Every structure is written in C-alpha cells, then in structure tokens.
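From just these sequences and the hints, can you work out the full model?
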Amino acid sequence: MYTLEIAGIAIATTDADEAEAREIFESEDFLDDIRGFTSAGSPVWDGVSAFVIRQANEDEVEAFSEIDDIEDEIDSEEGDEFDGEGANIMFLVDIDQFDDEEE
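With our numbering, you'll find the sequence shown wraps up at 119, consecutive numbering, no jumps.
These are computed hints drawn from the structure, not numbers from a lab.
One or more hints might be untrue.
DEER-style ranges, computed between Cβ atoms [stated by the list, open to error]:
no. : residue 1 : residue 2 : range
1   : R38       : V64       : 15 to 23 Å
2   : V68       : G102      : 22 to 30 Å
3   : T54       : G24       : 12 to 20 Å
4   : A35       : A56       : 26 to 34 Å
5   : G102      : G57       : 25 to 33 Å
6   : A79       : D112      : 17 to 25 Å
7   : Q113      : Q71       : 27 to 35 Å
In this text the structure is predicted, and so the values were computed from the model without any measurement.
Ideal Cβ placement from N, Cα and C applies to all residues, glycine included.
What follows is the structure, encoded as structure tokens:
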C-alpha cells in the first residue's frame, strides 16, 4: 500500500503496488481532482507544492483495512459482489464536497 503526502500531510492511500500507485497519484486526472478538492475550506493541493509517494504506514494500512471490511459487509448485505479489479483509493483527509454531491 502507498500513500500520497503533500506538505507533510497524508492525503490518500491506495492498495496498489508502487508502480501503479505512482501512475495513479501522478496522473493528470488525479492531480486535477485534488487541485479542485478542499478540506476544511483549504485546497488539498495548490498545484505547485511538492508531493511524496511513500509506503503506507501502519495506521494508514489499518484505516484502509477498516473501510475495506465495512464495504465488504455492506456488499454482502446488499447482495453485491465486488469484482476486486483495479486499485482502491481512500482519502485520509475529509474532502469538503465531491462534484456528485453538489446536486
């Protein structure tokens, strides 16, 4: 698991391997998204600050696992089956509002 850290703050964690994590976190789409996101009214990324992609620490792995367990429980209750393909991303900061929540 790998974590994106900006200005010393852990922003997001993924269960991808290192190469895929770099591909995700360095992609223009992801960078455009976090440039537009705010947390507590402040931009998640200002578009110029350096960021680090590092191995997730124990607390980040645990937080990711807890969310994954909850999603598995919800899926089994609803009869959904997660196909397990692709990497998952979990934000470690509270995002004020995603585009699809604006309606």
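Verification of the hints:
1. R38 to V64: 15 to 23 Å: holds, 19 Å
2. V68 to G102: 22 to 30 Å: At 23 Å between Cβs, range holds.
3. T54 to G24: 12 to 20 Å: holds, 18 Å
4. A35 to A56: 26 to 34 Å: holds, 32 Å
5. G102 to G57: 25 to 33 Å: holds, 31 Å
6. A79 to D112: 17 to 25 Å: holds, 19 Å
7. Q113 to Q71: 27 to 35 Å: Check passed, 30 Å falls within 27 to 35 Å.
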